[in-house]
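There are 2 protein chains.
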Amino acid sequence: MNNFNYYTPTKVFFGEGRVNEIGDILKSYNINNILIVYGGGSIVKIGLLSKVIELLNKDNIKYYELRGVEPNPLLSKVREGIEIVNKNKLEFILAIGGGSVIDTAKAIGYGVFNGGDVWDFYSKKRKPNGSMPIGVILTIAAAGSEMSDSSVITNGDTKEKRGCNTNYCRPRFAVMDPTLTVTLPDYQTMSGCCDILMHTMERYFTRGGNLDLTDEIAEGLMRTVFKYGTVLHENPSDIKARGEIMWASSLSHNGLTGCGNDGGDFMSHKLEHELSGKYNVTHGAGLSVIWPSWAEYVYMNNLDRFYKYAKNVLGIEGTDKMDVAKKGIRKTKEIFTSWGLPIKMKELNINPTHEDIVDMAKSCFDSCGGPKGSSRLLDLDDMINIYTNAL
Amino acid sequence: MNNFNYYTPTKVFFGEGRVNEIGDILKSYNINNILIVYGGGSIVKIGLLSKVIELLNKDNIKYYELRGVEPNPLLSKVREGIEIVNKNKLEFILAIGGGSVIDTAKAIGYGVFNGGDVWDFYSKKRKPNGSMPIGVILTIAAAGSEMSDSSVITNGDTKEKRGCNTNYCRPRFAVMDPTLTVTLPDYQTMSGCCDILMHTMERYFTRGGNLDLTDEIAEGLMRTVFKYGTVLHENPSDIKARGEIMWASSLSHNGLTGCGNDGGDFMSHKLEHELSGKYNVTHGAGLSVIWPSWAEYVYMNNLDRFYKYAKNVLGIEGTDKMDVAKKGIRKTKEIFTSWGLPIKMKELNINPTHEDIVDMAKSCFDSCGGPKGSSRLLDLDDMINIYTNAL
Numbered sequence: 001m002n003n004f005n006y007y008t009p010t011k012v013f014f015g016e017g018r019v020n021e022i023g024d025i026l027k028s029y030n031i032n033n034i035l036i037v038y039g040g041g042s043i044v045k046i047g048l049l050s051k052v053i054e055l056l057n058k059d060n061i062k063y064y065e066l067r068g069v070e071p072n073p074l075l076s077k078v079r080e081g082i083e084i085v086n087k088n089k090l091e092f093i094l095a096i097g098g099g100s101v102i103d104t105a106k107a108i109g110y111g112v113f114n115g116g117d118v119w120d121f122y123s124k125k126r127k128p129n130g131s132m133p134i135g136v137i138l139t140i141a142a143a144g145s146e147m148s149d150s151s152v153i154t155n156g157d158t159k160e161k162r163g164c165n166t167n168y169c170r171p172r173f174a175v176m177d178p179t180l181t182v183t184l185p186d187y188q189t190m191s192g193c194c195d196i197l198m199h200t201m202e203r204y205f206t207r208g209g210n211l212d213l214t215d216e217i218a219e220g221l222m223r224t225v226f227k228y229g230t231v232l233h234e235n236p237s238d239i240k241a242r243g244e245i246m247w248a249s250s251l252s253h254n255g256l257t258g259c260g261n262d263g264g265d266f267m268s269h270k271l272e273h274e275l276s277g278k279y280n281v282t283h284g285a286g287l288s289v290i291w292p293s294w295a296e297y298v299y300m301n302n303l304d305r306f307y308k309y310a311k312n313v314l315g316i317e318g319t320d321k322m323d324v325a326k327k328g329i330r331k332t333k334e335i336f337t338s339w340g341l342p343i344k345m346k347e348l349n350i351n352p353t354h355e356d357i358v359d360m361a362k363s364c365f366d367s368c369g370g371p372k373g374s375s376r377l378l379d380l381d382d383m384i385n386i387y388t389n390a391l
Numbered sequence: 001m002n003n004f005n006y007y008t009p010t011k012v013f014f015g016e017g018r019v020n021e022i023g024d025i026l027k028s029y030n031i032n033n034i035l036i037v038y039g040g041g042s043i044v045k046i047g048l049l050s051k052v053i054e055l056l057n058k059d060n061i062k063y064y065e066l067r068g069v070e071p072n073p074l075l076s077k078v079r080e081g082i083e084i085v086n087k088n089k090l091e092f093i094l095a096i097g098g099g100s101v102i103d104t105a106k107a108i109g110y111g112v113f114n115g116g117d118v119w120d121f122y123s124k125k126r127k128p129n130g131s132m133p134i135g136v137i138l139t140i141a142a143a144g145s146e147m148s149d150s151s152v153i154t155n156g157d158t159k160e161k162r163g164c165n166t167n168y169c170r171p172r173f174a175v176m177d178p179t180l181t182v183t184l185p186d187y188q189t190m191s192g193c194c195d196i197l198m199h200t201m202e203r204y205f206t207r208g209g210n211l212d213l214t215d216e217i218a219e220g221l222m223r224t225v226f227k228y229g230t231v232l233h234e235n236p237s238d239i240k241a242r243g244e245i246m247w248a249s250s251l252s253h254n255g256l257t258g259c260g261n262d263g264g265d266f267m268s269h270k271l272e273h274e275l276s277g278k279y280n281v282t283h284g285a286g287l288s289v290i291w292p293s294w295a296e297y298v299y300m301n302n303l304d305r306f307y308k309y310a311k312n313v314l315g316i317e318g319t320d321k322m323d324v325a326k327k328g329i330r331k332t333k334e335i336f337t338s339w340g341l342p343i344k345m346k347e348l349n350i351n352p353t354h355e356d357i358v359d360m361a362k363s364c365f366d367s368c369g370g371p372k373g374s375s376r377l378l379d380l381d382d383m384i385n386i387y388t389n390a391l
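Heads up: the sequence lines are chains Z and H, in that order.
Note that my numbering has the first sequence beginning at 1, numbered continuously upward.
Note that my numbering has the second sequence beginning at 1, numbered continuously upward.
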């Protein structure tokens, strides 16, 4: 049991039809003018954007728009947003979308509040001293950014994908209506489920310290995602399953599943960031490729945890810890495959050369500031090996 | 799956030695003068009060003291606190203690912020529009008030024990050091464990709607409390067990274990409030008496949930739902007994007459505003029967 801080101030409005309250919610914060940040066509297509705008107009809330945030969101779009907010002296940022949109909103919030070059906070040159307030209407259950302290941005020039984690950027509120996710393509839904699982796995596969209560919550969450991920792959319009997965996305990354641990492992994420930064892979699909290779590489260094995972989450029986642990990893891969997710880079049509891999590993190693990882401390060679085994 | 709101803004500082940060924490909120609220001798005896005062002095934070809060905290003490805060224009209330102390601090916060008679908010004459900010140094794991929206106060004149629930009173921060609870008498520790269980049970034994994820968390929490409650009854100085129970106390009552439910049952609590209001019983011990009688009275109306509880929380096997459910209730009673807790009123040396019981039932019925309960809607006669069966 390690000491820990826990802070999840985001007000959650969960359930069907809650978007209708957006005007009242903003008014409760005395907000009169906002920047709306969103992606491309989908929220226009499902009529969500026009509905939100109608509600804002009704409550006389002025708005500007930042449209066109892409997956693996770009620094250039963040700079665009900062300019709009500064020019129009806006008070609040409303993200309508999933992780990419929310992370962009968070980055804009850092940039406006602190001034200077916003990339400094991602390249770790400076630490932010605060952020503009942001709120969320969630349309993709995956990143958990709607309650997390995390924001990940890609520098299009250098291909670096970097994160900035502080409590300042946790959203003030999140409207979570599971019905908004029904129209997501299957591949996005399943990638999201993988991302959700990984946020808990990164906190679970550590070298001891987690409270039993934390493990109970983490295991229950993973069981829920495995169960309802499979339901959604079969029946995407199952609203109950959408709800389970959406709430899991938030709880998986708000800190709850890591209370008392050593800070978590997070090496699958670090390794994946290089991959999706370089090749623009869907984050969850990058994780379904990296995690198995990482798990097979490190499980002997953290056998008790991999055994516990296989037994409690996947129901694998047996007394030979190594055998059970291996079966747990294999079963996880099988589930990813059954969800239509890749478990090798070639399934993503990525064929990096050895030099490409060394580049990614070096970039990862540098961004970690040296050897890193809880289940197993990974050095540069380990990172190269994990990428290579994932080809 | 019902719609729900979730809001837990309390900043948690968990672990050994975190009390040393109290000055820094208060300074981070720009607090310069406070009211300290506490109970009797124990925090003096273990040196906690003098330590906190030393830290406040070091940081030039002025303080006034409200001492002598008792279990089932009294309205008269709340009024005393309101007077001190108003007279000295204090900015913040720091509760050092458990549920009674925190609930008193919350009530003072309501009283100062809103003016008028503070009992109005508990007798439901008025609704509060806000509260003074409060913070907590937790010394008893039980009530969960350190993160909850709840405050319960007893009117010494009328013997009414009433609650007021709003988000305004959720503490700004809670310092949770499990080592501070080591000196608690066994009876207090075990009553606390029962109270913690009950906060989740009240949200669990409902007529459907809970998310699977919520059930997973609730069941994992209950398993943890049953396990580590028994550990603490054997070995009160087990710090890991203290930590598990302390974190469970907060998560059990902050809303997490009820997400998606129909609002919860809470009739065991309502019935117990009359008992402890009238006879000044330790709340957790009152619950260990009321819950079995309530459960035996209502389980046939909510058999699936009682079956699920027996199976998933207590590991009782079998296919006959009624049989498994009954065994689950019996097993719960056995655990309470093994913890040294009463399961009948006579074990508390309480022998109410039929008239006393009718009085309690009427008072409960009135405070509920009519028939109430999720597992089974209880009318006045049902309440009389449940009290009578608990004699």
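Hints listed in this document are in silico derivations from the structure and should not be mistaken for laboratory results.
It is possible that part of the hints are untrue.
Note: identical chains are not told apart, hence a pair may lie in one copy or across any two.
The list that follows gives simulated cross-link-like pairs (lysine-lysine, DSS-like), each with its CA atoms no further than 25 Å apart [what the hints assert, rightly or not]:
id : residue 1 : residue 2
1  : K89       : K58
2  : K227      : K308
3  : K311      : K227
4  : K159      : K326
5  : K308      : K372
6  : K51       : K344
7  : K87       : K278
8  : K327      : K45
9  : K125      : K333
10 : K240      : K308
11 : K372      : K227
12 : K127      : K27
13 : K346      : K45
14 : K362      : K344
Outcome of the hint check:
Only within a single protomer do K89 and K58 lie at most 25 Å apart by alpha-carbon distance; the minimum there is 21 Å, versus 41 Å between protomers. For a Cα distance limit of 25 Å, the shortest separation of K227 from K308 qualifies both inside one copy, at 18 Å, and across copies, at 18 Å. Taking identical chains as interchangeable, the C-alpha atoms of K311 and K227 lie at most 25 Å apart whether they share a chain (16 Å) or sit on different chains (19 Å). Taking the shortest alpha-carbon separations for K159 and K326, neither the intra-copy value of 35 Å nor the inter-copy value of 62 Å comes in at or below 25 Å.
Proximity of K308 to K372 under the C-alpha cut-off of 25 Å is restricted to the intra-copy arrangement: shortest distance 23 Å within a copy versus 42 Å between copies. Neither within a single protomer nor between protomers do K51 and K344 lie at most 25 Å apart by alpha-carbon distance, with minima of 41 Å and 57 Å respectively. Proximity of K87 and K278 under a CA criterion of 25 Å is satisfied in neither setting, with 33 Å inside one chain copy and 64 Å between copies. With identical chains, the CA atoms of K327 and K45 are never at most 25 Å apart, being 43 Å at best within one copy and 54 Å at best between copies.
For a Cα distance limit of 25 Å, the shortest separation of K125 from K333 qualifies neither inside one copy, at 38 Å, nor across copies, at 59 Å. Taking the closest pair of Cα atoms, K240 and K308 come within 25 Å of each other only across two copies (19 Å); inside a single copy the shortest separation is 28 Å, beyond that limit. In this homomeric assembly, K372 and K227 never come within 25 Å of each other (Cα to Cα): the closest approach is 32 Å inside a single copy and 34 Å across copies. In the homo-oligomer, the alpha carbons of K127 and K27 lie at most 25 Å apart only across protomers (20 Å), although the nearest pairing inside one protomer, at 31 Å, exceeds that limit.
Taking the shortest Cα distances, K346 and K45 never come within 25 Å of each other, neither inside one copy (33 Å) nor across copies (67 Å). With identical chains, the CA atoms of K362 and K344 are at most 25 Å apart within one copy only, with a shortest distance of 21 Å there and 67 Å across copies.
In this structure, the hints that do not hold are numbers 4, 6, 7, 8, 9, 11, 13, in rising order.
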